[in-house]
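Starting from the known structure of chain A, fit chain B onto it as the hints suggest.
This is what each chain is made of:
2 protein chains.
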Amino acid sequence: MKPTIDPHPWKLTESSWNPEHQILSESLFALGNGRMGQRANNEEGFSGKHLQGTYIAGVYYPDKTKVGWWKNGYPEYFAKVLNAVNFIGIHVRVNGEALDLATATQVSHFHRELDMHQGLLRRTFTATLANGLSVRVEAERFLSIVDDEVAAISYKVTVEDAATVEVVPYLDFNVVNSDANWEETFWAQQGHASTPGQGHVHAKTKKLDFHVAAAMHCQVSAEGQALNAHASGREGYVESRYNATLPAGQSVHVLKYIGVVNSLNAAPEQVVARAEEQAQQAAAKGYEVLRNAHADAWIAKWELADIRIDGDDSAQQGIRFNIFHLLQTFTGVDARLNIGPKGFTGEKYGGSTYWDTEAYCLPFYMASTDQSVAKNLLIYRYKQLGKAIENAEKLGFTDGAALYPMVTMNGEECHNEWEITFEEIHRNGAIAYGIYNYIRHTQDRSYLAEGGLEVLVAIARFWAQRVNWSDAQEKFVILGVTGPNEYENNVNNNYYTNFMAAWCLEYAAECAQWLATEQPADYAELLAKLQLDSDEIEQWEAIRENLYFPYSEEHQVFLQQDGFLDKELIPVNELDPAQRPINQKWSWDRILRSCYIKQADTLQGMFFFEDRTDLDVLKRHFDFYEPLTVHESSLSPCVHTVLASRLGYKKKAYELYLRTARLDLDDYNHEVYQGLHVTAMGGTWMSVVYGFGGMKIVGEDLHFQPFLPEQWTGLSFHLRWRGALLHVQVAESGLTVAHKDGPDVTFHVGGMAHTLKCCETFHA
Amino acid sequence: MKPTIDPHPWKLTESSWNPEHQILSESLFALGNGRMGQRANNEEGFSGKHLQGTYIAGVYYPDKTKVGWWKNGYPEYFAKVLNAVNFIGIHVRVNGEALDLATATQVSHFHRELDMHQGLLRRTFTATLANGLSVRVEAERFLSIVDDEVAAISYKVTVEDAATVEVVPYLDFNVVNSDANWEETFWAQQGHASTPGQGHVHAKTKKLDFHVAAAMHCQVSAEGQALNAHASGREGYVESRYNATLPAGQSVHVLKYIGVVNSLNAAPEQVVARAEEQAQQAAAKGYEVLRNAHADAWIAKWELADIRIDGDDSAQQGIRFNIFHLLQTFTGVDARLNIGPKGFTGEKYGGSTYWDTEAYCLPFYMASTDQSVAKNLLIYRYKQLGKAIENAEKLGFTDGAALYPMVTMNGEECHNEWEITFEEIHRNGAIAYGIYNYIRHTQDRSYLAEGGLEVLVAIARFWAQRVNWSDAQEKFVILGVTGPNEYENNVNNNYYTNFMAAWCLEYAAECAQWLATEQPADYAELLAKLQLDSDEIEQWEAIRENLYFPYSEEHQVFLQQDGFLDKELIPVNELDPAQRPINQKWSWDRILRSCYIKQADTLQGMFFFEDRTDLDVLKRHFDFYEPLTVHESSLSPCVHTVLASRLGYKKKAYELYLRTARLDLDDYNHEVYQGLHVTAMGGTWMSVVYGFGGMKIVGEDLHFQPFLPEQWTGLSFHLRWRGALLHVQVAESGLTVAHKDGPDVTFHVGGMAHTLKCCETFHA
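If you read the protein sequences in the order shown, they are chains A and B.
Start counting the first sequence at 64; every next residue gets the next number (the working numbering).
Start counting the second sequence at 64; every next residue gets the next number (the working numbering).
Everything labelled a hint here was simulated from the structure, so no lab data went into it.
Do not rely on the hints blindly, as some may be mistaken.
As the list makes no split between identical chains, a pair holds if one copy fits it or if it spans any two.
Unchecked claim - Dumping the calculated DSSO-like pairs for lysine-lysine here, alpha-carbon to alpha-carbon at most 27 Å: (1) 714 with 592; (2) 820 with 715; (3) 269 with 129; (4) 648 with 450; (5) 457 with 648; (6) 219 with 269; (7) 411 with 65; (8) 348 with 270; (9) 134 with 270; (10) 127 with 411; (11) 127 with 648; (12) 648 with 129; (13) 219 with 820; (14) 411 with 129.
The following block holds chain A by itself, in its conformation from the complex:
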């Protein structure tokens, strides 16, 4: 049961109405502008199954956790993405009957459209109400990316027969989170006021004191005449009521301008005035002006970020859908914000930031947006270093060791399953990898002195304390961890975790050395601040050199963990399909003792460091692990697509790509109603650019080794690389790289280095 999305290169369109699809379409057609976002709820309301959701970036609630058995060190709360003021609402009554697609006797000419190129949501339909009257509605709205505290709605109701139409634009802050653990409300109303056509509501969170105010300014006309409003309000709610008695075929047209301001960006006592000012200024500019500026800004974003796929509209639509949601979730203007797994499209998964950001999303932002966007994602972690150190202290670590949380809003851990909270410590490696990846991509090392090295040292200190010496192995070991493959818990010597630990120790030392050489004053200051000395760095080296890695001589592969070969190794394709997905069919113990892999684990390390992995080694590992992988994480297929591409497993690469490209659009996992898999969308981008586009960073060097899936006739994308802008085209006729802007770029194709200046073109 899922909406039919018509194929279109730039749009999501839905051309039939089914009330059961509404809750899914609300996710798919969601809008965001980095500062706020919302599900594609109907302006006029909907009494059928739906999930009302408006979310303000960085505004969250520390909900009480729900846990059966407490463990020492568990967090006290679980941060929730917070449903905030409903500012899109416009009640509509026709001869007194409410317009509601759930109760309409007929809905025809339904068309819903998300114009991704311009960032506009449109909806038109004709509805026949229970009283027999029919109206035609044309609605369009957007959240401005030019002024990210502004939204605007154009909503036009046309009557088929003469009728009295009442339209009531409103703001409603009486909202709840559908996933509140104890059915609590999270907002305390702070005031409201209304005058005809205008009004505001203001609330603050019951904990943490985030203030949010929304203000509206409405212009309503009928038959070209402005209508007068009757304003009213109650706690958390304001409205302006307009009535028009219309002859057949005439319309009432609502323009609703909204300002939404929160206390991350304004003093609490200023949020109301600022919101009113925003609404006022938006109204003064007018809808067309606002919309055009917004659409132009979107078009400009696409200039850098677009991927074009020729010959396959469905794939084209899929990749643009992913890019669109990434761009509207995080715009990179604020280092306090990050990328929640569901972005602004749902409440699920609470806390905003996972290791997904560094592992799956950062590459997209580095390649497709201004360099400052990716850097702000790094700075976000530096801002939370203190909390990461506190988090490690709760687990018994000392001396400035940091363990970044698994799930967080403000740097504090929010997750409480011991096998993840305490043991899925590889996430620390991804934080360091993000720094490494940013530097190799941009060559911008400024972050090291600005906080990056502090982060790396704190992470290195964690690993140095987390290992222990095994007399039996005569090596350092890392016991009791959960790797990226969460279908194994509390294992010893997870290869990926050990690998990342060793690499973190190495990279922290290398960066320290770099800073010592290049910025000795900064380095000296840092040594003093961190009480770091060369003995400690040498100790890191000693651990790194003597860290144990489980290995099978028989299979010539690193083992996912100690004892992996004691399992029954039955390939996934021999499993009874009725047993899948195993996470819905099997008890946890059965999953754990099985060989099945949720997402790339050993292979994740080889993906991160493909320049350290020979192709034949990669092939052995891929051939050993991929057949045991059930890909039951949205983050799994993308990594395997890239690796399969490297190995020339073209069919496999494309097959896995299909599982990631339209995951949400085709609702593979029957969970789109909860929201989209926004962070997995970064993985889809990598599938295309790293996989089929063949982009690869070896050491410091950029490589291309593309191939075109046989279903496609062409693939092209822009790529920001160290200040330059490249345009890469893969066609049946070969690879074309055009230098569009910036300094010279050297890249390798087929073992040969090529250097392009602006605006040269390379073809092979």
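Quick look at chain B alone, frame taken from chain A:
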């Protein structure tokens, strides 16, 4: 902060009043009669910190579980020991002022006494109320073990100065569980009625429809004259109000007879009438008669069950305290009942039955009570076999394999931590061991055909499916388990679990063979019922022979699990005491990757099967594991006491014994307020009889190898053994075994066999 319990061989006495001790004393002085039990709450009520608790055996509530992250196969509910009707209550007012030791301005001559020899709870005190008046109270009560649906209270109030005393005996069913997960109430009132001096209340549980009725019959007199009552009631509550205007030095005396009947033992529509009849008949007999019959029955119980320790009143009091609570928790008359970890002394740990029963409690009941008592504990498991098979099916097992639950009331699993619910599967071994232990102790094999072999086959089938073949080890392995040491989770090849699995397969086959030979008709019927054949039994044998056990050649010990030697092995005595108990100081991951052992694990197997373990092997394992053991389970010290005794580690044995003997009396773990560690009391009994008493079963043979702790001058106990009754005395002068009743008994001392007839005595 704990009550001072005066040393006394037969009594618990407390001779000073401190309101902060009340909640602890309520646990320590608790009463039970197998059918019901209650904390030592004050009859007159107490507004200070306390935990009101009356519990009816077998009557529980399926409370909603509280769990953060659901796993497939988790139970739908968590059974709660259910707080039931408060039937002890007697409000007292003196010139209108309520008697309440929390508000009294002075409490003197306080004496609380649990007479364990006669099963009586007494309390006397003088209290000065806020209005300046002083009263003397003498209270005594008991729950009859002659008629286990009857309780009686004698409560006498004497005024120092002339005053009007109002006494109000009542029944109150408006009770809650303090540990209700969602603050729900569990009882639905079904009716109440009262007449002067009499009344009843009747409620049923909101789920499962357990009905409980309590009735009272009161006789109240002042200065030798019966008083008239004023009866009243409201939902769930009835009372009779008596007023007496007393001259100085005179008393009002309440005799309250209570009948408590529940629908496990009567039709729901009969519980009220039966309760009224019980109260009525009790009143007709009179308090003295009832009490004397009850006290005589207790004295008779002690004839069999007592352990006498000479020279150490504190130790004497401790062991009798343990025996007393075991005897009042489970009397063995009803195979639907079992031994909850807290008995009738608190709500904590919900569900009633753990593997504690078979592993720690069964030996006491076999040796100290009628054989039928222990057998009923076995039958309990047979009654729940169907549910154990369903439980295994939920986890993917088939063909009649059974996994007994970790925690249960009715056979359904109630626990939901995956590492325990799904992985602490060794409990299945303890169920089988209970059968084996019963048979070797009693030589009664009747249970095998009556259900025991069905249980053993279902357990064997579980293990046969739970192993998997490891190509790497060329052995069968058991992956992903939690052993008795719960400070390790999801480990591979836990030695104890593997050992028990192998033994279960062996023992099921052996018992099948026995039944085939001795009761071929029963066996044939069973084969058909279970669809069992010789191929399946041979497969058990093949698995048993090829099961892997982790072993260290270097240390010459079986390893607790794979990889154990990768840990840092730092003895507990080198741990900073500030870090202990580690389960309160460390996060779970740190506990897991440490070497520290919560309770006997590898050693538990050697304890169960000491006849299969040579002393030098035992010594190596004890010397290896005990120093790593933190004994943070109440079930830990006892096993180690017995093993240390075997090894001649007398000091260690006594040191560990002290941690179990007075665990609750001295409130070592600061948790007595929640209730007592009733199942651990069976372990204490084993410490004394198996440890110092040196009782040991080798193959089929009874051995004694006693030693007397130097703090003691003598130890003696009775022992039921295969229909005979022995009295064993250990003194400085040596061992004396007196045959008191029944068939001849052969036992071994110092390698020599001795056979005694009734009523011979052996001395060595």
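Against the structure, the hints:
1. Within a single copy, residue 714 and residue 592 get their C-alpha atoms no closer than 53 Å, and across copies no closer than 53 Å, so neither meets the 27 Å cut-off.
2. Taking CA atoms no more than 27 Å apart as the test, residue 820 paired with residue 715 passes in neither setting, with 36 Å inside one copy and 82 Å between copies.
3. Taking CA atoms no more than 27 Å apart as the test, residue 269 paired with residue 129 passes in both settings, with 19 Å inside one copy and 24 Å between copies.
4. For the identical chains of this complex, residue 648 and residue 450 are inter-copy neighbours only, at 20 Å across copies versus 38 Å inside a copy, given an alpha-carbon limit of 27 Å.
5. In the homo-oligomer, the alpha carbons of residue 457 and residue 648 lie at most 27 Å apart only across protomers (10 Å), although the nearest pairing inside one protomer, at 36 Å, exceeds that limit.
6. Taking the shortest alpha-carbon separations for residue 219 and residue 269, neither the intra-copy value of 37 Å nor the inter-copy value of 54 Å comes in at or below 27 Å.
7. Taking CA atoms no more than 27 Å apart as the test, residue 411 paired with residue 65 passes inside one copy only; the shortest distance there is 20 Å, against 47 Å between copies.
8. When the C-alpha separation of residue 348 and residue 270 is checked against a cutoff of 27 Å, the pair qualifies neither within a copy, at 37 Å, nor between copies, at 64 Å.
9. Proximity of residue 134 to residue 270 under the C-alpha cut-off of 27 Å is restricted to the intra-copy arrangement: shortest distance 24 Å within a copy versus 31 Å between copies.
10. Taking CA atoms no more than 27 Å apart as the test, residue 127 paired with residue 411 passes in both settings, with 15 Å inside one copy and 23 Å between copies.
11. When the C-alpha separation of residue 127 and residue 648 is checked against a cutoff of 27 Å, the pair qualifies only between copies, where the shortest distance is 23 Å, while the shortest distance within a copy is 30 Å.
12. For a Cα distance limit of 27 Å, the shortest separation of residue 648 from residue 129 qualifies both inside one copy, at 24 Å, and across copies, at 22 Å.
13. In the homo-oligomer, the alpha carbons of residue 219 and residue 820 never lie at most 27 Å apart, since the shortest distance is 52 Å inside one protomer and 106 Å across protomers.
14. For the identical chains of this complex, residue 411 and residue 129 are neighbours both inside a copy (15 Å) and across copies (19 Å), given an alpha-carbon limit of 27 Å.
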